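*Asks:* Protein chains in written order, with my numbering: chain A, 1 to 147; chain B, 1 to 147.
These are computed hints drawn from the structure, not numbers from a lab. None of these values were measured; they are calculated from a predicted model. There may be inaccurate statements among the hints.
Pairs count within a copy or across copies, as identical chains cannot be separated in the list.
Below, computed lysine to any residue pairings styled on SDA-like, alpha-carbon distance capped at 25 Å [claimed, not checked]:
1. K7 <-> R127
2. K7 <-> D143
3. K140 <-> Q118
4. K7 <-> S111
2 protein chains.
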Amino acid sequence: MSETERKVFQFFNEIGIINQLATDIFQSNMPDGLHVSHFSVLNHLVRLGDGVTPLKITNAFQVSKGTMTNTLSVLSKRGLIRIAPHESDGRSKVVYLTDEGRAFQKQAIESLFPAIQQLGEKMDWARVVELIPELERVRKILDENRD
Amino acid sequence: MSETERKVFQFFNEIGIINQLATDIFQSNMPDGLHVSHFSVLNHLVRLGDGVTPLKITNAFQVSKGTMTNTLSVLSKRGLIRIAPHESDGRSKVVYLTDEGRAFQKQAIESLFPAIQQLGEKMDWARVVELIPELERVRKILDENRD
DNA sequence: TATATTTAGTTCGACATTAAACTAAATAGG
DNA sequence: CCTATTTAGTTTAATGTCGAACTAAATATA
Chain A
1 MSETERKVFQ FFNEIGIINQ LATDIFQSNM PDGLHVSHFS VLNHLVRLGD
51 GVTPLKITNA FQVSKGTMTN TLSVLSKRGL IRIAPHESDG RSKVVYLTDE
101 GRAFQKQAIE SLFPAIQQLG EKMDWARVVE LIPELERVRK ILDENRD
Chain B
1 MSETERKVFQ FFNEIGIINQ LATDIFQSNM PDGLHVSHFS VLNHLVRLGD
51 GVTPLKITNA FQVSKGTMTN TLSVLSKRGL IRIAPHESDG RSKVVYLTDE
101 GRAFQKQAIE SLFPAIQQLG EKMDWARVVE LIPELERVRK ILDENRD
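Input sequences plus hints: build the corresponding full structure.
*Replies:* In structure tokens:
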């Protein structure tokens, strides 16, 4: 194993650990039985717009269709989204945010502000966010090269 | 939401996506029914030394005790680790790598070299690994501040 | 048009993971 | 010592996720 290879593994290892620690923090702020994955879908709909098909969301999250069926049915049962039949394609459906869904997404995000602030006392966020452009590059390349 | 907060979310979002894409690549290289989590435990034992208790590994991975019981029993059934009673503590156990376990870890890592090389045609790994020190800082702070 | 293929979503069985209850052993405090 | 508490690991029920089989609708092709 070359030095570069070793460091590449180290890079992805750090990414994995950070992701797990951050997800744990996020998860601990989720109310009664809702999972980060549920929030993520709501967040996606808020940011990129609702009125999209389940398959579109499935592709965005690179997740199996069965998983998305399950996630959407939980969100629907909770009244956070509304699932309507597709106007022109009888096989398909369209997902809309409800007011409750939008409120939940907003509230979930705001619930993290204190944690961000508290971490900011020990961490220089300005320096951290400078990594974003390079991370974006990595993400895009990994994304384009997935099979 | 301030600009900093927005970027902090974006940072963790990029981290999450990269982690998922990288994990998917890794997972697709795992043989017959073995999961990345199984590899991770073997890798941990190779890098930091075996002969440790399940609880030690549990803490290292910040995972529930039940999860580790399950993971270790899979690894043990596959002959990749050996679980022995603890010499001085009747409640505890000690985990050892087998030769098969070491070989598996080695082979799993090497199986990723082609993917790393292929990605290297589109990605400047030298620049990517420069992010490691800052990521380490973030990881350490998150780690120290977990409850 | 009739049939074959593709596409969108659901269902099913398997497994990873979790939290909580549980067992057994070790330790602490009286 | 003896009891209470803590600690290490297992078990159990619930849920997220996956891949594969399945259904139904749309599209391609002949």
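*Asks:* Taking the earlier hints as the rules, which of them does this structure contradict?
*Replies:* Of the numbered hints, all hold.
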